[in-house]
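Participant: Using the sequences provided together with the hints, build the complete structure.
As they're listed, the protein sequences go chains A and B.
If you read the first sequence in the working numbering, its first letter stands for residue 93, the second for the next number, and so on.
If you read the second sequence in the working numbering, its first letter stands for residue 93, the second for the next number, and so on.
Please keep in mind that the hints were generated in silico from the structure rather than gathered at the bench.
Only a predicted model underlies this, so the values are computations on that prediction, with no experimental measurement involved.
Any given hint might turn out to be false.
Treat identical chains as interchangeable: a pair holds within one or across any two.
Quick list of in silico lysine-lysine cross-link-like pairs, DSSO-like style, CA-CA up to 30 Å [unchecked claim]: (1) Lys-204 with Lys-225; (2) Lys-106 with Lys-151; (3) Lys-151 with Lys-225; (4) Lys-332 with Lys-151; (5) Lys-263 with Lys-225; (6) Lys-151 with Lys-296; (7) Lys-106 with Lys-164; (8) Lys-263 with Lys-164.
2 protein chains.
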Amino acid sequence: MKEIRFFYVPEAGKVQELPTEEATHALRVLRMRTGDEMYLMDGQGVFYHAEVGMTTNKKCFYHIRETLPQEKTWRGRIHLAIAPTKMMDRIEWMVEKATEVGVDEISFLNCKFSERQQIRIDRIEKIVVSAMKQSRKAWKPVVNEMTDFTSFINTSRQGTKFIAHCYQEFKRDDLFRELQQLDVDEDVTVLVGPEGDFSADEVKLALTRGYRSISLGNSRLRTETAGLMAVTMAQITKRKE
Amino acid sequence: MKEIRFFYVPEAGKVQELPTEEATHALRVLRMRTGDEMYLMDGQGVFYHAEVGMTTNKKCFYHIRETLPQEKTWRGRIHLAIAPTKMMDRIEWMVEKATEVGVDEISFLNCKFSERQQIRIDRIEKIVVSAMKQSRKAWKPVVNEMTDFTSFINTSRQGTKFIAHCYQEFKRDDLFRELQQLDVDEDVTVLVGPEGDFSADEVKLALTRGYRSISLGNSRLRTETAGLMAVTMAQITKRKE
Numbered sequence: 093m094k095e096i097r098f099f100y101v102p103e104a105g106k107v108q109e110l111p112t113e114e115a116t117h118a119l120r121v122l123r124m125r126t127g128d129e130m131y132l133m134d135g136q137g138v139f140y141h142a143e144v145g146m147t148t149n150k151k152c153f154y155h156i157r158e159t160l161p162q163e164k165t166w167r168g169r170i171h172l173a174i175a176p177t178k179m180m181d182r183i184e185w186m187v188e189k190a191t192e193v194g195v196d197e198i199s200f201l202n203c204k205f206s207e208r209q210q211i212r213i214d215r216i217e218k219i220v221v222s223a224m225k226q227s228r229k230a231w232k233p234v235v236n237e238m239t240d241f242t243s244f245i246n247t248s249r250q251g252t253k254f255i256a257h258c259y260q261e262f263k264r265d266d267l268f269r270e271l272q273q274l275d276v277d278e279d280v281t282v283l284v285g286p287e288g289d290f291s292a293d294e295v296k297l298a299l300t301r302g303y304r305s306i307s308l309g310n311s312r313l314r315t316e317t318a319g320l321m322a323v324t325m326a327q328i329t330k331r332k333e
Numbered sequence: 093m094k095e096i097r098f099f100y101v102p103e104a105g106k107v108q109e110l111p112t113e114e115a116t117h118a119l120r121v122l123r124m125r126t127g128d129e130m131y132l133m134d135g136q137g138v139f140y141h142a143e144v145g146m147t148t149n150k151k152c153f154y155h156i157r158e159t160l161p162q163e164k165t166w167r168g169r170i171h172l173a174i175a176p177t178k179m180m181d182r183i184e185w186m187v188e189k190a191t192e193v194g195v196d197e198i199s200f201l202n203c204k205f206s207e208r209q210q211i212r213i214d215r216i217e218k219i220v221v222s223a224m225k226q227s228r229k230a231w232k233p234v235v236n237e238m239t240d241f242t243s244f245i246n247t248s249r250q251g252t253k254f255i256a257h258c259y260q261e262f263k264r265d266d267l268f269r270e271l272q273q274l275d276v277d278e279d280v281t282v283l284v285g286p287e288g289d290f291s292a293d294e295v296k297l298a299l300t301r302g303y304r305s306i307s308l309g310n311s312r313l314r315t316e317t318a319g320l321m322a323v324t325m326a327q328i329t330k331r332k333e
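Facilitator: Right, dumping it as structure tokens:
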């Protein structure tokens, strides 16, 4: 049985040619030839069944055989905003896993106790695209540039907003229970802090902006594990049958 | 504020000396001295508040000030049996994350389509201990040597047993919903297959041994993500308030 190959082609329905990197992969690595079958994903909800058309040394054209609109497998939008970890590989695996599990948007926060102020969004994008292809997600998660905490929470957002933190002095509800009580179509945003947590002032500020104070359970989780836990909880409560 | 240091000392209540590696870490890296405070975890449910006693070049003795029995934070035992991935780093992070999230036992399966037949249990043990310390788990997850699939499923086990797979021809129930319907104190074992899944014969055999056929949802998950998802679902349904 020949393996089905998926390629990420933004605007796949409008162009007739694989993007450079995907073309190189198709021609050099997979050695695909005219007439070979392939699937294209536009990252916006549509798969295309296609076949390789003309090829040159570096270019790979295609013909679309069939347009296959996909249905979203969960309800509402899941947005994770997280302070990147000091070790880049930890946040990278979180991004890969969150994409596999199912997330709509990932933002990176620059907080008072952040151990990393910069992040290479091009690397993150590559990981997201690769995980999206591997797990056959029809929608590419949106990845946002690093934002200051204050500017992030001052931006108005649809849906219900949560801030996960470890301060005992602010009453914290359990995220999973809160999610179960929401309308399933409700959009959610969850904030996860850096290794040293949000500052108490950041938590207070978020509360004044309508963020709900939550806990992810009684386990002491690393930042990247907390991020994935938040996405997983949202996914479990929002996925379709 | 001085950071609280945790050390893993099996039988901490019976011996009076840190194991070699922990002693090196305490003396060489943390430069701890006589009278310094420390916490010991025996991996069997007890923390000890202790202080450094006599030290030599390589040895670190301690006095216990207080014995602090811990309460388990979830009900029933969670056992994950998984085929290790071809890439060792993938199964290693899964082990780290499963320990953080909360698991009681991890077994490794040698299956028909396994891409890895051997695993260095000493490396896995180190990762488990490190994650247990980092996440302050009072119980060390049990780690078992690689076992053949058939011999694993022929061993009788307490509680409810599940096998996660991707075959459409066997009816699959949703693991999360099944877990929610169990008595919260029930022990659970979940089997997760290799990159190429279990063979159909392996699934059939498991069904005859009382394993229930389950799915982890409608996402296409990598082996290591599936393992963590199973543990997370069990944890969410079994954790105490």
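Participant: So, for every hint listed, does it hold in this structure?
Facilitator: Evaluated hints:
1. Lys-204 with Lys-225: Between copies, since 26 Å is at most 30 Å while 35 Å is not.
2. Lys-106 with Lys-151: Classified as within: same-chain Cα gap 16 Å, cross-chain 70 Å, threshold 30 Å.
3. Lys-151 with Lys-225: within (21 Å within a copy, 53 Å between copies)
4. Lys-332 with Lys-151: The answer is neither: 39 Å in one copy and 57 Å across copies each exceed 30 Å.
5. Lys-263 with Lys-225: between (40 Å within a copy, 27 Å between copies)
6. Lys-151 with Lys-296: Neither: 54 Å inside a copy, 47 Å across copies.
7. Lys-106 with Lys-164: Answer is within: at 22 Å inside a copy they meet the 30 Å cutoff, but 57 Å across does not.
8. Lys-263 with Lys-164: between (35 Å within a copy, 23 Å between copies)
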